[in-house]
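Student: Chains as they are written, first to last, in our numbering: chain Y, 18 to 497; chain C, 26 to 233.
One or more hints might be untrue.
What the hints assert, rightly or not - Below, computed lysine to any residue pairings styled on SDA-like, alpha-carbon distance capped at 20 Å:
id, chain 1, residue 1, chain 2, residue 2
1, Y, Lys229, C, Gly122
2, Y, Lys229, C, Leu173
3, Y, Lys98, Y, Arg147
4, C, Lys121, Y, His230
5, Y, Lys143, Y, Gly97
6, C, Lys121, Y, Lys284
7, Y, Lys132, C, Gln205
8, Y, Lys35, Y, Gly318
9, Y, Lys89, Y, Leu102
10, C, Lys121, Y, Met231
11, Y, Lys284, C, His125
12, Y, Lys241, Y, Lys284
13, Y, Lys69, Y, Gly97
14, Y, Lys48, C, Gln205
15, Y, Lys284, Y, Asn213
Since the hints were derived computationally from the structure, they do not count as laboratory data.
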Amino acid sequence: MIGSHFNFFTTSQIDHLKANVFDLLENHGVKLDPHPEMFDALAKAGVTVDPKTNMVFFPKGVLERSIEEAPKKFVLGARGKDRVLELPRPDGTFYARTNTGAHGWIDPETSQYRKVSAGDLAGWAKLINRLDDIHFIPYLFCDDVPTQTADVHGLSLLLKNTDKHIWVQPYSASSVQYLIKLGAVAAGGVTALERNPVISMIACSLAPRAFKHMDLEIILQSAKASLPVHACSLPGAGGTGPATMPGVMVMAAAEILAMLVMAQAVKPGTPVVACPIIFSTDMRTGRSLQSSVEALKGASGAIQFIKTAFNLPTHNYGSGSDAPTVDEQSMSERAILTTLMGLSGSDILGGAGQLEVATAVSPVQLIVDNEVIGMVRRVAAGFEINDDTMAWEVLTGGKPGDHFLTSPHTLRHCRDAFVPQTFTRLTREAWDRQGSKAFLEGVLERYHELMGRENACLMADDQAREIDSVVSEADRQLAR
Amino acid sequence: MALQDIYQGILNFDREAVPDLVKKELDQGTDVSAILKQGLIAALDEVGERFGRGDMFLPEMLAAAEAMKAGLEVIKPLLSEADAQAAGIVLLGTVKGDLHDIGKDLVGMMLEGAGFRVINLGVDVHTETFLRAVEENKPQIVALSALLTTTIPAMRETVSILKQRDVKAKIIVGGAPVTQSFADQIGADGYADDAPGAVSLVRTLLGR
């Protein structure tokens with residue numbers, strides 16, 4: 018079965034966009050912070066490197082070879098055997114993940130905003146373990162751990178509290194080695210981590226067309242460790258990207274391909290996920306927006322373009338809102354976003370639970386997102402057409418005017434439907450009898466129910482001690 | 026009427042016409058101070074008003090500031106020493122570890138448009154660099170910017186060290202993760218949440 022996706026582009030439009038991406042990289046180049054090892058790897062791969070200006074130019078042949086070398090199928094591993102994610106998803110739909118790096122927390126009990134704590138992150142992981150349509154987790158930015166090692170602490174907390182795949186966003190070049198070391202401890206060693214990459218890494222461009230030393234280091238060390246790299250370009254149309262979306266798409270694709278070539282230059286076969294996470298700039302304030310209709314259209318267009326032109330797995334925001342809190346706006350924006358991105362063909366939908374342009378999260382919102390994502394995934398799965406789904410035997414065997422409730426075919430399929438846990442489908446009378454609860458009251462009850470259970474995904478004590486010793490070492494070296 | 030043309034030229038983002046209109050006005054013997062206050066600064070105040078109401082968009086505000094700056098260049102040599110020094114000097118930079126410059130540059134352009142001399146130290150500016158620049162330029166204002174949550178501690182550190190070293194300039198802060206309460210907490214003298222707000226803040230702090 019293949020997924021059901023809509024299409025923005027004609028073949029000639031894709032070819033035109035693709036030609037401009039190659040032209041941009043071949044003739045206009047990108048600028049890298051000085052990084053001798055990366056420069057050396059790129060030069061050996063046939064990329065033109067100008068060490069005086071730090072400009073790098075990518076011949077078309079090198080681009081095509083690198084795209085060919087990047088695997089089109091691979092796994093995002095996990096500590097839990099049944100949590101491993103095959104990319105692309107075999108049923109043609111997508112996986113979903115939560116927010117990365119938010120520092121704000123909307124407390125489920127008080128609905129008040131505060132900074133994220135380490136305890137919140139552990140609870141966040143516990144909650145996600147129970148949400149079937151949230152498939153992997155990045156860490157949030159905890160306010161009560163040393164700032165210089167906040168990434169190391171974040172990863173250690175997740176490794177100890179979830180057996181799902183973890184997405185890793187380093188906050189400094191010097192923490193990369195500790196993050197990979199933590200991944201190796203969780204996987205059972207360096208070689209085991211290659212086979213079962215329980216973590217995957219985020220590298221970003223500094224749009225437009227520049228790359229920081231930290232991100233070059235992330236690509237280098239991830240490729241050496243055979244870890245999947247999510248190559249992210251996050252331009253804001255009109256600010257760090259052109260004002261018109263096709264220009265943003267071309268630039269984002271070029272930045273992603275530049276990172277792909279870097280990864281292949283270090284180690285051919287390094288898995289790369291293309292992440293054109295596109296924002297628009299609110300021209301009234303200068304604020305970056307993730308949920309404006311322009312950003313949604315640009316992001317879903319970029320996904321389709323990159324998938325079609327380069328056949329790479331893709332990843333984008335597929336949930337989230339610009340609203341600062343859980344409200345009607347946050348619900349409607351993410352409903353549009355999840356539907357659009359789910360049907361655009363993105364392999365991974367990010368940002369579940371996030372608010373305020375990815376800077377805050379809400380556990381209550383996350384529970385709703387899990388349901389919405391589940392529903393959209395049903396749509397994206399398309400239709401299976403065969404005698405059973407066409408119910409041919411029942412259709413031709415039954416009498417006109419009869420019903421299907423007692424048919425064995427209905428009995429066989431009556432549990433196919435998605436059953437939401439928080440959406441109300443009661444009559445008004447039944448709803449009144451149950452206390453006329455507002456939607457979010459029901460969601461909060463569900464939160465209490467889920468959080469009241471034991472966390473069944475905790476890491477074994479001896480492994481957790483090893484994790485702690487890596488964190489202590491990072492604190493000693495970096496948090497002085 | 027001609028002062029109104031300068032005012033209108035800025036609101037029409039006409040960076041070509043504004044210098045000519047200013048020259049024409051000077052040729053007719055209009056007082057330099059009147060051109061500055063009733064033409065250029067009055068227009069920029071209106072720009073700030075419109076931006077605050079959401080009636081003027083960011084690129085338009087920048088285009089207006091450019092037009093204003095072009096007009097200012099014409100009268101600069103004619104301003105009295107007192108006028109030239111009147112607005113003041115602002116030292117501007119994004120704190121250590123942060124490479125983001127759009128918001129900071131926007132503030133710089135608006136301040137220049139409002140007649141301030143702006144010394145832009147760029148991005149990833151270490152505290153020692155701020156201190157050296159304060160020593161060399163004697164600014165009335167030091168403006169610090171940060172975009173990343175992770176560089177907020179660097180802003181705190183820079184403010185703290187500038188205060189410890191008894192820097193006389195007022196220190197103001199801004200950027201996406203910065204709030205008024207954070208500014209108060211770290212001992213900054215002011216906070217603004219957008220570029221026109223920064224201009225008003227600087228004017229207020231300097232009593233201009």
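Student: Work down the list of hints and note, for each, if the structure agrees.
Tutor: Going through the hints against the structure:
Of the pairs offered as hints, the one joining Y/Lys229 and C/Gly122 holds, with about 11 Å between alpha carbons and a cut-off of 20 Å not exceeded. Between Y/Lys229 and C/Leu173 the alpha-carbon distance is near 15 Å, which keeps this suggested pair within the 20 Å criterion. This hinted pair checks out: Y/Lys98 and Y/Arg147 have alpha carbons roughly 16 Å apart, not beyond 20 Å. With a C-alpha separation of about 15 Å, the suggested pair C/Lys121 and Y/His230 falls inside the 20 Å cut-off, and the hint holds.
For the hint linking Y/Lys143 to Y/Gly97, the alpha-carbon distance of about 14 Å falls within 20 Å, and the restraint holds. Note on C/Lys121 and Y/Lys284: the hinted pairing is violated, with a Cα-Cα distance of about 33 Å set against a maximum of 20 Å. For a cut-off of 20 Å, the pair hint linking Y/Lys132 to C/Gln205 stands: about 16 Å separates their Cα positions. Proposed proximity of Y/Lys35 and Y/Gly318 is supported: the alpha carbons are some 13 Å apart, at most 20 Å.
As the CA atoms of Y/Lys89 and Y/Leu102 are separated by approximately 14 Å, the hinted pair is consistent with the 20 Å bound. Restraint check for C/Lys121 and Y/Met231: the C-alpha separation of about 15 Å stays at or below 20 Å, so the hint holds. Our distance criterion of 20 Å between C-alpha atoms is broken by Y/Lys284 and C/His125, whose separation comes to about 31 Å. For the suggested pair Y/Lys241 and Y/Lys284, the alpha carbons sit about 6 Å apart, so the restraint of at most 20 Å is met.
A C-alpha spacing of about 48 Å is found between Y/Lys69 and Y/Gly97, which places the hinted pair above 20 Å, so the restraint is violated. Only pairs whose Cα atoms come within 20 Å are accepted, and Y/Lys48 paired with C/Gln205 is rejected, the gap being roughly 36 Å. Taking the CA atoms of Y/Lys284 and Y/Asn213, the gap is about 17 Å. The hint holds against a cut of 20 Å.
In the structure shown, a violation is registered for the earlier hints numbered 6, 11, 13, 14, in ascending order.
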